[in-house]
Amino acid sequence: MEPIVIEGTPKTPTVRFDANEGVFMLEGRSIPENSVEFYKPLVDWLDNYKESPLEKTVVEVKLEYFNTSSSKCILDVFKKFEVIHKAKNAVEVKWYYEEDDEDMLEAGEDYESIIRIPFEMIEIVE
Amino acid sequence: MSFSVENFFNKLQTDDIIFSYKGDISSDVINYVLDSVEKKTEELNDPSKTRKKVYNVLVESLQNLYHHVDVVPKDFEDQSSARFGLIVIHRNDKGYLITAGNFISVRKIAELKEKIVKINNSSPEEIKELYKHILHHQEISDKGGGGLGLVDIARKTGNRLEYEFIEYDAKYFFFTLIIKIDSIKVLKSKSLK
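For the record, the sequence lines run as chains G and U.
When we follow numbering that gives the first Met the number 0, the leftmost residue of the first sequence carries the number 0, and every step to the right adds one.
When we follow numbering that gives the first Met the number 0, the leftmost residue of the second sequence carries the number 0, and every step to the right adds one.
Don't read these hints as lab results, they were simulated from the structure.
Bear in mind that the values here come from a model prediction, so they are computed numbers and not experimental data.
No residue lacks a Cβ here, since even glycine has one placed at the ideal position from N, Cα and C.
Check the hints yourself; a few may be wrong.
Selected chain U positions facing chain G (Cβ under 7 Å, derived; list incomplete) [as the list claims (entries may be wrong)]:
1. 26
2. 48
3. 58
4. 65
5. 134
6. 135
7. 147
8. 148
9. 151
10. 155
11. 187
Kindly produce the complete structure, drawing on both the sequences and the hints.
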């Protein structure tokens, strides 16, 4: 499966979904006006990936900022991983947040309470 | 005399202002505002926690304008802006005040007001649940979703949304939203209470 690699911009995150390398990463800022447009290819990619996923998928999310329109799209991304998890494959989310950024920690906890995948909250200490 | 946006904007130009803009709210303008204010808050040496809240709230305020403003009244001085809005930021020792303003057609007022009143009557715990509910249950549209922006602003600031609908003419009102972001000092004194 072809990996999906997107360079970050001031408004959109760096994305790397690579089944060959076992890397699933979302990093940076996600504050575009039209989030659906940005996230649609990722959701489509995951639709394919879920047909033959790795034995264990570790998703790393290191977001500095995200807007509310991205929050729904990120939920859609997690929902795809949830399907993979439900089909008895190991899936884990590592949710990173900067020291003192309680808002980002809480945002991770929101997803943890909605999505049935194990989350690990990791504080980045400067 | 009817309401003047110009006068309203001019009255906001006080000593404690750190940023102000009125005109078209395009994607490029949003980038410019975010960039300028981010640099400014860094220069002012505010704690990163405060800067992040300001940035987050500003993104939501600007994108609310971007997605939801109505076309301007026909007699309004600025006809060239596809999405006319204003954004003014004040900062003093208590924290930040972000004022956002835009025209709203009369028929949309009741719905917006209802959303704000609901948020303002909710406890922090209820606002958190409301956020999760909307996130989980509402469909995504190109315009964002179901007032999640306002809920997010209330949640991140922990303050009530101050607002006003000022009559412009028979078809339009001018909507202003004032968002308070407490400084760390104010936050600490609140948590001691």
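(request) Find the hints from earlier in the document that the structure breaks and name them by number, from lowest to highest. (result) Of the numbered hints given earlier, the structure breaks just one, which is hint 11.
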